Amino acid sequence: MAICRREIERALTPLLKYAHALCRNGDLARELVQDTVVKALSTDNRPDNAEAFRPWLFAILRNAHIDHLRRHRRHADQHQDVDDIDALPAAPGPNVQDTVINRLSVQAALMRLPEPHRDILALVDLAGFSYVEASMTLGIPKGTVMSRLSRARRAMLIEISGGNVHSLETARNSKRAAAAK
Amino acid sequence: MTSETWNPSDEVLNAYVDGELPSHEAAMLLRQMARNPELAERVAILTRLRMELRDLPLPRGLDINDLETLAAGVPPARPGARGGEDALAGRGRESAGVTGSRAGIGPAGWAVRWPARWPGRAVSAAAVVLLLVAIPFGMTRYRTAYSDAVSTRPQDPSPADQVAPSGTIEAAVARHMEWLAQPATTTGPGRGPTLARFARRHGRVYVPDLGASKLQMVRTEPFGKDGVRVGYVGIHDCRLSLFILPDTLGAPVPMREITMGKARVFAWRANQLDYLLVAAGMDRTRLNLISKAVYGATRNLQPFAPATQLALDLNHRNSRACVSG
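Chains as they are written, first to last, in the numbering used here: chain A, 1 to 181; chain B, 1001 to 1325.
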């Protein structure tokens, strides 16, 4: 119980950030964290090492969020398949400028992203998860975490630039093509 | 594959900025970046994005110190439940946290099993008192939507809603302030027989263990004609008094806050007992949280839920020290 409490205390702020990124609602985020804490404290079936505890704790919150969406019958509307999200515009465009990446633009862009992108970004960037921890939480291979994260950050840069920017890869290729002409 | 022919993908660049790329690949990427400013720029943008995301603060209104919502992790309403009238004989021992575990419904409607051992000092004098007197009367659970229940608006309660006889609140505040004026060294050990006598006479008293908020019960003494005062002291001499008085009117009265000089008083009636919680100079959020937790516990006749204990503990760490005088 002592380890559990200590780990929960450490994870409270990242949990709140993750919950808010998932549901985009402060009150609901608090409820999700509260439910997660109660659930974690009340079960006998906890991971007994700190490495596994955090992914387990965040998975509880994620499941609680999915349950909430299901209960409110908004799951079908809000939860997009992550593979659909990859259909980013392919047209060439200017690269994003470093100067437009600031706290405000990042925060606003994050909230505009589809849920699967927010999910992986919140785990790795907001909660500071390693790829292995994220794969444990999401129940997916590490390689899938890498590809999802890559797509999510690409989508993030597009949002920040207001849609004028596309895949880094695309931008690079277009520049190469222009240089070759 | 050499650094000359290597065309790093977005995944590789992201793994690099996340520190997840194997060292030999990271070295290869660094060599490429030295020759390719465009590639270096891509990495710089990803690094900047990652830094900004990592440094994002909690959204406004989601302060971790605002733990009141977390403290509401107590069982929700059981439809139709009424205070002190459900026959739950045989469950009292478990509910008092003395032993075993029990099934309950968590805030989200989960069927949860509370831990076999409650964190902290599970067996308190309060729990024993509850054990002695609560089982014959049964215990029930009320909804504890604290924020809905607490009224801080100044108002004159009607006699039926009035907690404690006229003048009692003033007397309670005076007693608490008198206690505050005494040196901490005069606080002696708890006087259990006072609580036990009160419980034998009036039954169904629940005096919470506030150890999670680092407040220890140090004194119990008679108050007024039939009441009792329970004194709690914190590690920096924070002091809190809980006055419990018998009441024959019966109907529960929601908690309301009254300010008298430097003292804040929280008054409510539950299970035919009037409760007055008095403190002065205590951090506002800490006292709010304690009052709501105690209010819920006295209505439910149950120990604090694990989440409530955790919230009290965290809140105490983030609270200002008590101000004396």
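Don't read these hints as lab results, they were simulated from the structure.
Everything numeric in this text was worked out from a predicted model, so none of it was measured.
Mixed in with the good hints, there may be bad ones.
Said to hold, decoys possible - Facing chain A, a subset of chain B residues (Cβ under 7 Å, in silico):
#1 N1007
#2 D1010
#3 E1052
#4 L1058
#5 R1175
#6 M1177
Claimed, not checked - Which bits of chain B does chain A cover? Going by a derived footprint, with three or more residues having C-beta under 8 Å, they are:
#7 1166–1174
#8 1260–1266
#9 1307–1316
Cβ coordinates follow ideal geometry from the N, Cα and C atoms, glycine included.
Results for each hint:
1. N1007: 9 Å, violated
2. D1010: 4 Å, holds
3. E1052: At 4 Å from the nearest chain A Cβ, E1052/B passes the 7 Å test, so the hint holds.
4. L1058: 6 Å, holds
5. R1175: Check failed: Cβ of R1175/B comes no nearer than 36 Å to chain A, outside 7 Å.
6. M1177: With a closest approach of 35 Å, the M1177/B hint is violated.
7. 1166–1174: Per the Cβ count (0), the hint is violated.
8. 1260–1266: violated (count 0)
9. 1307–1316: Satisfied; 4 residues make the cut.
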